[in-house]
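Visitor: Chains as they are written, first to last, in the numbering used here: chain A, 1 to 772; chain B, 1 to 156.
Derived by calculation from the structure, the hints in this document are not laboratory data.
Predicted, not measured: the structure shown is a model, and the values here were computed from it.
C-beta atoms are modelled at their ideal positions from N, C-alpha and C, and glycine is treated no differently.
A portion of the hints provided could be inaccurate.
[Unchecked claim] Pulled from the structure, derived: some chain B residues nowhere near chain A, Cβ distances all over 10 Å:
no.	residue
1	T6
2	F7
3	T8
4	V16
5	D17
6	G36
7	K38
8	D54
9	E69
10	E72
11	A97
12	A121
13	A125
[Said to hold, decoys possible] Here are the simulated BS3-like cross-link-like pairs (lysine-lysine), alpha carbons at most 25 Å apart as the crow flies:
no.	chain 1	residue 1	chain 2	residue 2
14	B	K31	B	K71
15	A	K706	A	K639
16	A	K706	B	K152
17	A	K643	A	K772
18	A	K711	B	K67
19	B	K152	A	K110
20	B	K23	A	K110
21	A	K643	A	K8
22	A	K110	B	K56
23	A	K467	A	K384
24	A	K4	A	K572
25	A	K711	A	K685
26	A	K30	B	K23
27	A	K65	A	K8
28	B	K59	A	K706
29	B	K90	A	K8
30	A	K8	A	K59
31	A	K500	A	K538
32	A	K711	A	K643
33	B	K23	A	K115
34	A	K434	A	K500
35	B	K56	A	K706
36	A	K455	A	K384
37	A	K643	A	K434
38	B	K90	A	K110
39	A	K298	A	K168
40	A	K298	A	K467
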Amino acid sequence: MQLKYIGKDITRPDASGKITGRVQFLDDIKLPGMLHAAILRPDLAHGRILSIDTAEAEKSPGVVKVVTGAGCDLVYGDNIRDLTPIAVDRVNYIGQPVAGVIAETLAEAKAAVKKIKAEYEPLPVYTDARDALKKDAVLIHENSGDFWHLPGIEPIGGTNIANRYTVKKGDVEKGFAEADTVVEGEFNYPFGSCSAIEPHGSIAWFHEDKTIEVWSSSICPFIIREEVARVYGLPISDVRVHIPELGGCFGYKSDITVEQTIAYLASQVPGRPVKWVATRKEDFLSTLIGHGIRTRIKIGAKKDGTLTALKTEVLHSTGASADTGVHVLIAATHNSTGTYEFPNCYLDGYSVYTNTPPVGAFRGYGHQESQLAMERMMDILARKLKLDPFELREKNYLGPGKVTSLGETLHTTNGDIGKCVEIVRRAVFSSPKKKAEDDYYYYGRGFAALMKSPKGAPFSSKSCYLKFNRDGSVSINMGGAEVGQGLRNVVRMVAAEALKIAPERIRVYTEIDTQFSPWEWQTIGSMFTTQGGRAVVKAAEKAIAELKKTAAIVLRSEVDRLDYDGDYVFVKSDPTIRVPVPDLGRGYTFPDGVTVGDVVHTTSDSRLPLQSNPDENGQGRMGITYTFGAQACEIRIEKKTGKVIVDHFASSFDVGRVINPVQIRGQVAGGVMMGIGASLHEELKFDGEGKALNPAFRRYRFPTLKDAPGKQTIEFVETPGEIGPFGARGIGEHPLVGVAPAVLNAVYDAIGIDFFEIPLTPEKILEALKQK
Amino acid sequence: MSEKITFTVNGTPRTVDIDGGEKLIFILREKLGLTGTKRGCDDASCGACVVVIDGKAVKSCVFPVKKLEGKEVVTIEGVSEGTKLHPVQKALIEAGAVQCGYCMPGIVMELYALFNREPGASDQAIRDALDLHLCRCTGYEAIWEGALLARKYLAG
Ligand code: FES
Ligand code: FES
């Protein structure tokens with residue numbers, strides 16, 4: 001296919017507004033009469049609220065209202081309704097809102113919060129699912145079995161299990177009986193923070209006419225609108241949600257979280273907008289955190305490397321509510337096969353309530369956690385079988401005709417893992433390792449294959465509104481949240497290609513506003529390019545059909561005899577009989593002013609095909625999109641300090657079609673860097689009492705320029721997919737998935753020590769070297 | 001107790017009332033409406049709030065307004081002229097360094113100060129300057145390349 005715009009480095013439309021500081025982020029918004037909120041958080045992670053004394057705070061200067069949860073009976077959640085906007089009679093994690101002060105200025109609100117005195121009766125604290133599962137463990141939600149939840153979620157009442165998810169394929173016992181070798185391991189992917197540089201925040205305004213208006217740095221305006229409307233008993237159309245520019249997301253600004261808290265505070269001061277922006281500490285502890293996943297894995301294989309069985313147990317410390325984490329567990333569980341076909345699987349996952357902030361989406365969404373286990377085990381298995389690790393993997397890769405753990409048969413259009421592997425293999429392993437060590441360093445190389453298979457809610461859709469203007473320029477409006485990934489440019493480039501007009505003539509939306517924006521479920525799962533791009537193509541095709549319909553009248557022809565080239569609609573057999581496209585945009589006006597045809601504006605939407613719900617064994621065709629990739633690295637370990645230095649990181653993904661080379665490289669480079677952060681430095685730590693030890697950038701060490709790999713090789717395979725525009729698949733999360741196992745496999749190569757958890761800090765390496 | 005303080009912002013003299021304890025970021029964002037300067041942390045670690053004071057890159061989230069009297073402040077709003085971008089901005093865009101853009105004002109100001117002082121700044125000097133900034137989106141690759149490109153542009 002000859003493409004004119006796709007595949008070119010076309011500058012993103014939001015670049016100049018961002019580089020000049022002109023775009024508006026949430027904290028930049030000022031509204032008339034705006035009040036400010038500050039929130040009291042508990043000093044213990046689990047306890048009953050005995051009393052909250054707000055008398056002093058109420059007298060504090062500038063204070064308009066002090067709000068507690070006494071009497072609040074609102075519950076919310078998109079998957080499981082286990083969230084309350086504010087603690088009612090009990091606190092379940094350290095960052096939970098206990099009371100809020102609304103004041104004229106932020107300084108006054110903060111000063112007053114310090115004057116609130118709350119007393120608690122402590123309860124036992126569990127920060128790890130293993131403790132919360134013990135027989136005598138206190139229930140974090142006493143009535144968890146009664147919470148409303150989506151079908152398919154299985155809480156176990158009377159325990160701290162918020163959901164149990166099981167996948168059974170084939171006969172796992174038979175599979176292990178057929179195996180010549182069995183390997184087992186347990187892996188830990190600890191808590192982390194998405195830590196966008198822009199902290200999360202929200203503004204809520206209960207208007208005199210009973211409508212509600214919300215602004216949020218969120219990627220799910222429509223979920224917020226629907227949930228706020230439900231909770232306050234309003235028609236959905238009476239809630240209006242605005243999403244300004246977003247300063248990064250990486251997962252944790254998805255789902256509805258802080259918005260309900262701020263709405264609850266604002267509901268107490270109707271008529272005035274209330275603004276709250278997280279401090280960095282609140283951003284760590286009062287929105288969503290990531291991971292907290294332990295994966296126990298057991299693999300059976302024949303002597304020649306053929307895999308026969310997989311048993312996985314995924315234990316998710318999901319935090320004090322599971323609404324946002326339940327699908328992370330599901331993804332972690334069924335993707336624990338990684339890129340391999342196992343004829344027999346028993347995959348068992350548990351979301352467990354614990355006393356940490358709720359766990360939610362983190363770029364990668366469950367995939368990196370359990371594939372850390374799989375990709376490390378592949379190297380370990382290869383060693384045991386005395387096989388080359390590449391050969392072992394190659395024997396078992398998923399691909400056309402192979403069947404995933406969910407029973408989905410893959411096709412050529414799902415991509416080619418083999419080609420990705422070849423690219424990174426060439427980049428990192430083409431020559432023998434130069435040296436094993438010298439006076440200062442140990443050297444190592446590691447590899448990991450990966451698969452990302454996101455899906456949305458069954459009703460998930462992305463829609464597009466496309467409008468031709470009278471000069472032939474085009475305006476496009478969608479509900480996809482631009483968090484920095486560059487999706488607005490994807491929209492523009494896909495539309496340019498589909499409409500055959502220059503991208504400069506296409507203007508895409510900036511702010512999302514539920515009053516005007518087409519509906520979208522939420523912008524998650526690396527699905528916008530695929531699903532949103534498809535909606536753009538559909539809207540463009542409809543618009544071209546509209547243009548032809550009017551042209552048929554003008555040219556006194558018939559639609560099927562006409563063609564369109566971006567500039568003109570013309571008669572196929574005689575292109576000189578034609579009408580310029582700009583003349584058709586709002587119908588065609590004859591010289592005498594008489595106008596025929598409709599205004600050319602179209603809408604479309606795009607779902608991922610959900611073909612059947614999973615059966616009781618978790619088997620079914622569930623509208624999942626698959627993308628495969630491979631990653632490898634060359635590292636050095638400093639002997640004196642134990643520090644791991646990544647000299648070269650190579651990644652390749654079969655993305656179907658590269659839309660914008662600069663942007664896609666940026667996605668991968670950034671994702672890899674996040675993965676290196678997780679592998680080597682980042683961990684959000686809680687002590688035994690559930691108190692966070694490092695909720696600040698200086699203590700939660702995330703990578704700076706000096707941690708960046710010396711070199712990144714980034715290449716793509718383009719096996720067209722079936723759904724996305726011009727064959728494109730998503731890429732946002734994938735670059736993170738294989739990083740930790742590639743690094744840990746390289747560490748084994750360097751020093752012969754197997755590690756089973758991250759982050760691999762210098763201290764841990766020095767300690768292990770000493771033991772050795 | 002409020003007092004008055006006078007300083008220059010992007011070439012224009014301004015006088016504002018202060019209580020004394022505020023930091024510069026507050027004055028810029030809340031009193032002068034210059035919201036291009038961003039806040040990203042509470043412990044002076046992210047660099048999103050960097051502005052230039054008397055030629056030097058400074059974290060406005062910790063700079064006490066009391067020390068501002070008579071100083072010249074340049075913020076991100078004062079770097080481009082009309083619609084004409086500064087070479088540092090142009091270079092960062094061309095290198096693909098802009099993703100969410102939240103870190104960008106601080107990084108532009110850091111490089112602006114560096115290259116004004118030392119148009120041919122060494123790789124090491126650029127590295128040291130950029131290492132003071134956190135960016136969660138780019139993995140720093142494109143920022144680094146943008147900085148090198150900016151140096152080239154500024155060298156003429
Ligand atoms: S706001 Fe982070 S360094 Fe100033
Ligand atoms: S571009 Fe998003 S933080 Fe740097």
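Visitor: What hint numbers does the structure not satisfy?
Guide: 6, 7, 11, 18, 19, 21, 22, 23, 25, 27, 30, 34, 36, 38, 40
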